[in-house]
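Enquirer: So the chains spell out like this:
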Amino acid sequence: MNRKIKICTSIMIIGLLSSAAYSFMINREIIGGRETLILATTTSLYDTGLLEELELKFEEKYDVDLRIISVGTGIALSFAERGDVDVLIIHDRVREDKFVEEGYGINRRCIAYNYFLIVGHADDPANIKDLSPEDAFTKIMEEKSSFVSRGDNSGTHARERLIWKSSGYDYETIRKSGTWYVEAGSGMGATLTMASEKAAYTLVDIGTFLAYKYKLDLVSLVDEGDILLNVYAVIAVNPERHPHANIGMTNNFINFLMSNETQQMIGEYGVEKYKRPLFYPAANGKCEVIGCPTFEECAKPV
Amino acid sequence: MKAIELIITLNPEVMEIAGRSIAISSFSTIIASLICIPVGGLIHFHEFCGKKTLIIIIQTFYSIPTVCVGLLVFLLLSRSGPLGMLGLLFTPAGMIVAQIILISPIMLGLSISAFRGVGRAVQDTAVSLGAARFQSLCTIIKEARYALVSAVILGFGRAVSEVGCAMIVGGNIRGFTRVLTTAIALETSIGNFELSIALGIILLCISFTVSLFLNKIQQV
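If you're matching them up, the sequences are chains H and P in order.
Residue 302, in the numbering used here, is where the first sequence stops; the numbers in between run on with no holes.
Residue 220, in the numbering used here, is where the second sequence stops; the numbers in between run on with no holes.
It cannot be assumed that every hint is accurate.
[Stated by the list, open to error] Straight-line distance between alpha carbons at most 35 Å, and here's what the computed DSBU-like set of lysine-lysine pairs gives:
1. Lys198(H) - Lys61(H)
2. Lys215(H) - Lys165(H)
3. Lys198(H) - Lys176(H)
4. Lys215(H) - Lys51(P)
5. Lys57(H) - Lys144(H)
6. Lys275(H) - Lys300(H)
7. Lys216(P) - Lys198(H)
8. Lys52(P) - Lys213(H)
9. Lys142(P) - Lys52(P)
10. Lys216(P) - Lys51(P)
11. Lys142(P) - Lys275(H)
12. Lys98(H) - Lys139(H)
13. Lys51(P) - Lys57(H)
14. Lys98(H) - Lys215(H)
15. Lys4(H) - Lys216(P)
16. Lys61(H) - Lys98(H)
17. Lys142(P) - Lys2(P)
18. Lys129(H) - Lys139(H)
19. Lys129(H) - Lys6(H)
20. Lys2(P) - Lys139(H)
21. Lys129(H) - Lys300(H)
22. Lys2(P) - Lys273(H)
23. Lys165(H) - Lys61(H)
24. Lys6(H) - Lys57(H)
25. Lys215(H) - Lys198(H)
26. Lys52(P) - Lys4(H)
27. Lys216(P) - Lys139(H)
28. Lys129(H) - Lys176(H)
29. Lys273(H) - Lys6(H)
30. Lys198(H) - Lys57(H)
To be clear, the hints were calculated from the coordinates, so they are not data collected in a lab.
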């Protein structure tokens, strides 16, 4: 028995050591491995499953290993500023502009858009159905109707703060104004589940809302309003700031996203399953719709 | 049940994730054991100033949140950090480093306890029978074997079940750094509760197998 265990353990250790050596050599490109590209993106885009489809096409076309990290927008920006990723896809115009202005990012391109929704229980206690987003938020605040916020510095949270601001409220006042306003400090999934359980209102992007797999007791109540426009943009990490960033393959990725084929794929994603598109293509001249200032910003390949 | 279905059909993605979990946690546990058991022995068998304080500090670190360890290692391994040039962030190797740091306090502390459990008489008897220093050390390790292997099982358990380090240092990259715990977190966040629980059951099965195997070593 003793001997058998010794043999088993030795085989296990040899196996582990060889796999370690193998991965080490692949990592250091001592033996053939594919080129890698590291993308940080927001959970609201990743959780719809769109990126996994695009990943397959891109990896095949360029023979590259695309590694996707899905975190909140705030964290993705932080990774990019530190130079831990090569490219970003996020959806917060204000922070994107700041990121590019400060020299961390280049080659920003809009690639897709959809809309945020204000969702809540079908009973709609605050009667916000079909109001404008700002009016809806005002009513929720006045009635002190239960509202669950992401509270995590994500793109969705940033948009929620913007709507409060646009409705004339100071966000800090909202946070302190009572137990009706709940800061979940969580991802969209946990926030939706919380809102469903509490029969509360929340802000969610249409992609995540439709793709969420567990049954929610929530319906879309407000889905129109300029402030609900949700634009996803891709930004490359500036190689002048971080020389090891893989700008060559990043530019390939950006052009891939903007290509007619990919834009069509984005527009068709989810139509069969959800009976409506989850995303609308944004590159190549859709600028008027989504408000990119110049043609270059929107459509010019890198 | 979904878990059984996933195992029986040998769903390739689940197998890959499970294999990675086992590999990363095994590596961390083995390396941590190789470091902590000898160091634990050294600490136990030598008297020095501040020994009690050191043990208390080690025990304090039993409670360090996994997210904190993950964050610390992230800051170390980030491109903007001191060890950035190693390129270990968002790789399985980085996750192994993080898990080693995570489970070292437990393995150290429990090794010290294990050696303490071996009566002084054993060491004295070995020496009086003419054992050389190394031989008496081996004898003591054999006597402490049960508690030491318990420490290893616990170390593996903590490594394989933690989410914080794996998520932050690994990035949960599909096909590269995704392990069972981070997959569970992801599937839960998109509402796929059934799959999450199934993955959790698979993790427990792995833990059971490891425990069974190590138990054989304990008893012999």
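Enquirer: A separate judgement is required for each hint: does it hold in the structure or not?
Expert: For each hint, the structure was consulted:
no.: 1; hint: Lys198(H) - Lys61(H); verdict: 46 Å, violated
no.: 2; hint: Lys215(H) - Lys165(H); verdict: 32 Å, holds
no.: 3; hint: Lys198(H) - Lys176(H); verdict: 19 Å, holds
no.: 4; hint: Lys215(H) - Lys51(P); verdict: 56 Å, violated
no.: 5; hint: Lys57(H) - Lys144(H); verdict: 48 Å, violated
no.: 6; hint: Lys275(H) - Lys300(H); verdict: 32 Å, holds
no.: 7; hint: Lys216(P) - Lys198(H); verdict: 50 Å, violated
no.: 8; hint: Lys52(P) - Lys213(H); verdict: 53 Å, violated
no.: 9; hint: Lys142(P) - Lys52(P); verdict: 25 Å, holds
no.: 10; hint: Lys216(P) - Lys51(P); verdict: 34 Å, holds
no.: 11; hint: Lys142(P) - Lys275(H); verdict: 67 Å, violated
no.: 12; hint: Lys98(H) - Lys139(H); verdict: 32 Å, holds
no.: 13; hint: Lys51(P) - Lys57(H); verdict: 59 Å, violated
no.: 14; hint: Lys98(H) - Lys215(H); verdict: 38 Å, violated
no.: 15; hint: Lys4(H) - Lys216(P); verdict: 11 Å, holds
no.: 16; hint: Lys61(H) - Lys98(H); verdict: 32 Å, holds
no.: 17; hint: Lys142(P) - Lys2(P); verdict: 43 Å, violated
no.: 18; hint: Lys129(H) - Lys139(H); verdict: 11 Å, holds
no.: 19; hint: Lys129(H) - Lys6(H); verdict: 70 Å, violated
no.: 20; hint: Lys2(P) - Lys139(H); verdict: 44 Å, violated
no.: 21; hint: Lys129(H) - Lys300(H); verdict: 40 Å, violated
no.: 22; hint: Lys2(P) - Lys273(H); verdict: 22 Å, holds
no.: 23; hint: Lys165(H) - Lys61(H); verdict: 44 Å, violated
no.: 24; hint: Lys6(H) - Lys57(H); verdict: 47 Å, violated
no.: 25; hint: Lys215(H) - Lys198(H); verdict: 14 Å, holds
no.: 26; hint: Lys52(P) - Lys4(H); verdict: 40 Å, violated
no.: 27; hint: Lys216(P) - Lys139(H); verdict: 66 Å, violated
no.: 28; hint: Lys129(H) - Lys176(H); verdict: 26 Å, holds
no.: 29; hint: Lys273(H) - Lys6(H); verdict: 54 Å, violated
no.: 30; hint: Lys198(H) - Lys57(H); verdict: 41 Å, violated
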